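Number of protein chains: 2
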Amino acid sequence: MRPLILITNDDGVAAKGLRTLDEIAMEFGDVVVMAPAGNASGLSHSITTTRPLRVREVKLAEGLSVYSCDGTPVDCVKLAVEYFCPRTPDLVLSGINHGSNSSINILYSGTMGAVTEATALGLNAIGFSLLSHNPDADFEPGKPFIRHLIGEVLEKGLPADVSLNVNIPRPKEGPIRGIRICHEAKARWVDSFEKRIDPVGQPYWWLTGKFICDNPPQRSDEWALANGYVSVVPIHPDFTHYQALEELQRLSL
Amino acid sequence: MRPLILITNDDGVAAKGLRTLDEIAMEFGDVVVMAPAGNASGLSHSITTTRPLRVREVKLAEGLSVYSCDGTPVDCVKLAVEYFCPRTPDLVLSGINHGSNSSINILYSGTMGAVTEATALGLNAIGFSLLSHNPDADFEPGKPFIRHLIGEVLEKGLPADVSLNVNIPRPKEGPIRGIRICHEAKARWVDSFEKRIDPVGQPYWWLTGKFICDNPPQRSDEWALANGYVSVVPIHPDFTHYQALEELQRLSL
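Sequences listed follow chains P and Y, in order.
Just so we're on the same page, my numbering is the position in the first sequence counted from 1, plus 6.
Just so we're on the same page, my numbering is the position in the second sequence counted from 1, plus 6.
Please keep in mind that the hints were generated in silico from the structure rather than gathered at the bench.
Accuracy of the hints is not assured; some may be wrong.
Because identical chains share one entry, a pair is satisfied inside a single copy or across any pair of copies.
Straight-line distance between alpha carbons at most 20 Å, and here's what the computed SDA-like set of lysine to any residue pairs gives [unchecked claim]: (1) Lys-149 / Tyr-248; (2) Lys-192 / Gly-18; (3) Lys-201 / Ala-166; (4) Lys-162 / Gly-35; (5) Lys-201 / Thr-56; (6) Lys-216 / Glu-88; (7) Lys-201 / Thr-94; (8) Lys-216 / Arg-57; (9) Lys-192 / Thr-246; (10) Lys-192 / Gln-249; (11) Lys-201 / Leu-160; (12) Lys-192 / His-242; (13) Lys-216 / Asp-197; (14) Lys-201 / Pro-58; (15) Lys-192 / Asp-167; (16) Lys-22 / Asp-204; (17) Lys-162 / Asp-36; (18) Lys-216 / Thr-55; (19) Lys-192 / Tyr-248.
As the structure is a computational prediction, the values presented were derived from the model and not from experiment.
This is chain P alone, in the form it adopts within the complex (with noise of 0.2 Å):
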């Protein structure tokens, strides 16, 4: 049986970086696609508590089947799993993003919440991402890395509890030098919030904010893709910080 991949993303289901992951993925097995409608980033792992879900099927291709979902990209993940594929998957798929989810924009990420629920049910994921955050970015250049990945992983399987946060330098930027493994680099967003004027004289905020990593180390993702390189970092589901269980030994608790 031809191993089943499931694909989600944050950007939408019309999306082209979606379009372009599912045609690589119908290279390797059967697809299945369930993708929020609209635009669903910023949502991280969001769930939708307050009212039910619906979905709609869409025709994208022949042979494809793709959903439609009013949720997130992680009720997409648990939804598809436990009503819309015929089998379990075998692999999960999310992106590909327009745009970065390297270091701490993961945290943000709907198309990396997407990742986490999948390794939270036990399956491998991969979340894939552009530098861009153009419409109609160019995805060429990153598709051999996203078919070796996908094929890797398909033959070989992740290590327990791992998924992958692959993103893709520029294009613009000269041809992709090859793949690193990472770990995410240590940065912050400052400056997060413009305040406006609206025209009866109230104040309102639009969420802005500058990107700030000095000096990423080599082994580090911002290290990578500033280098030309595609970066491939391993992550998991869970958050304590280990070697703090026994720093916290001086708290007297």
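Please arrange chain Y on chain P, whose structure you already have, making use of the hints.
Showing chain Y alone in chain P's frame:
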């Protein structure tokens, strides 16, 4: 100068748990509250990107600055730190959540999203949750432990990049036996969605699910809570699985 404590939650500005936490915090310092206007449970680390935010001042108690914001818990932390706190907070508190955020529940939790955001901003932070969804839950038995933890962290600080996920066992299950420093238990949710049919014959899906955590190890939060202890898990906003960095060498990348 008294310490400045910023408080948020995900149950909304009117929740009893928030009121309980700001009463305790006022014993330790000056307090600013910015919380979601309504229920923001399950919003995880999400941010609001498609519309601007509005803020409304609310009178809750003498000497207390309280703001209601129509964004997520993470939005509240970012916006409060940047525009509504008179100085950089010495401590960020989130909760007290009505319901557990132990184990894998942290992934979905808006309460804990706010805590992780504070850590990413370089601030000390603690999230508190009580294992009861009752809007009128009894927070009294947990108060001495909350006081103790706030006092310790204000006095001694936390390790760099570390915050605390604190869960308090259910009051009706006997007196609390103390505090345990724990790692997250591995767990999963199964049977996530319930399918129903609407009055015109169309399907919809409600999020539900059953929490499964078999034989949690003795140093895990689920063990501590099941045995009447307050669980304290040191967490950090880095998803990298460091051990897997080596294991991944077996993939030909």
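These are the hints, each one checked on the structure:
Neither within a single protomer nor between protomers do Lys-149 and Tyr-248 lie at most 20 Å apart by alpha-carbon distance, with minima of 36 Å and 27 Å respectively. Taking the shortest Cα distances, Lys-192 and Gly-18 never come within 20 Å of each other, neither inside one copy (29 Å) nor across copies (31 Å). Within a single copy, Lys-201 and Ala-166 get their C-alpha atoms no closer than 45 Å, and across copies no closer than 31 Å, so neither meets the 20 Å cut-off. Taking CA atoms no more than 20 Å apart as the test, Lys-162 paired with Gly-35 passes inside one copy only; the shortest distance there is 16 Å, against 55 Å between copies.
Proximity of Lys-201 and Thr-56 under a CA criterion of 20 Å is satisfied inter-copy only: 15 Å between copies versus 30 Å inside one chain copy. Taking the shortest alpha-carbon separations for Lys-216 and Glu-88, only the inter-copy value of 13 Å comes in at or below 20 Å, while the best intra-copy value is 39 Å. In this assembly of identical chains, Lys-201 and Thr-94 lie within 20 Å of each other by CA distance solely across copies; the values are 19 Å between and 47 Å within a copy. Taking identical chains as interchangeable, the C-alpha atoms of Lys-216 and Arg-57 lie at most 20 Å apart only when they sit on different chains, with a minimum of 18 Å there against 34 Å within one chain.
Taking CA atoms no more than 20 Å apart as the test, Lys-192 paired with Thr-246 passes in both settings, with 17 Å inside one copy and 11 Å between copies. Taking the shortest alpha-carbon separations for Lys-192 and Gln-249, both the intra-copy value of 17 Å and the inter-copy value of 18 Å come in at or below 20 Å. Proximity of Lys-201 to Leu-160 under the C-alpha cut-off of 20 Å is found in neither arrangement, the shortest distances being 48 Å within a copy and 31 Å between copies. Proximity of Lys-192 to His-242 under the C-alpha cut-off of 20 Å is found in both arrangements, the shortest distances being 17 Å within a copy and 11 Å between copies.
Taking the shortest alpha-carbon separations for Lys-216 and Asp-197, only the intra-copy value of 6 Å comes in at or below 20 Å, while the best inter-copy value is 41 Å. Within a single copy, Lys-201 and Pro-58 get their C-alpha atoms only as close as 34 Å, which misses the 20 Å cut-off; across copies the closest is 9 Å, which meets it. With identical chains, the CA atoms of Lys-192 and Asp-167 are at most 20 Å apart between copies only, with a shortest distance of 10 Å across copies and 22 Å within one. Taking the shortest alpha-carbon separations for Lys-22 and Asp-204, neither the intra-copy value of 35 Å nor the inter-copy value of 33 Å comes in at or below 20 Å.
Proximity of Lys-162 to Asp-36 under the C-alpha cut-off of 20 Å is restricted to the intra-copy arrangement: shortest distance 18 Å within a copy versus 55 Å between copies. Only between protomers do Lys-216 and Thr-55 lie at most 20 Å apart by alpha-carbon distance; the minimum there is 14 Å, versus 32 Å within a single protomer. Proximity of Lys-192 to Tyr-248 under the C-alpha cut-off of 20 Å is found in both arrangements, the shortest distances being 18 Å within a copy and 14 Å between copies.
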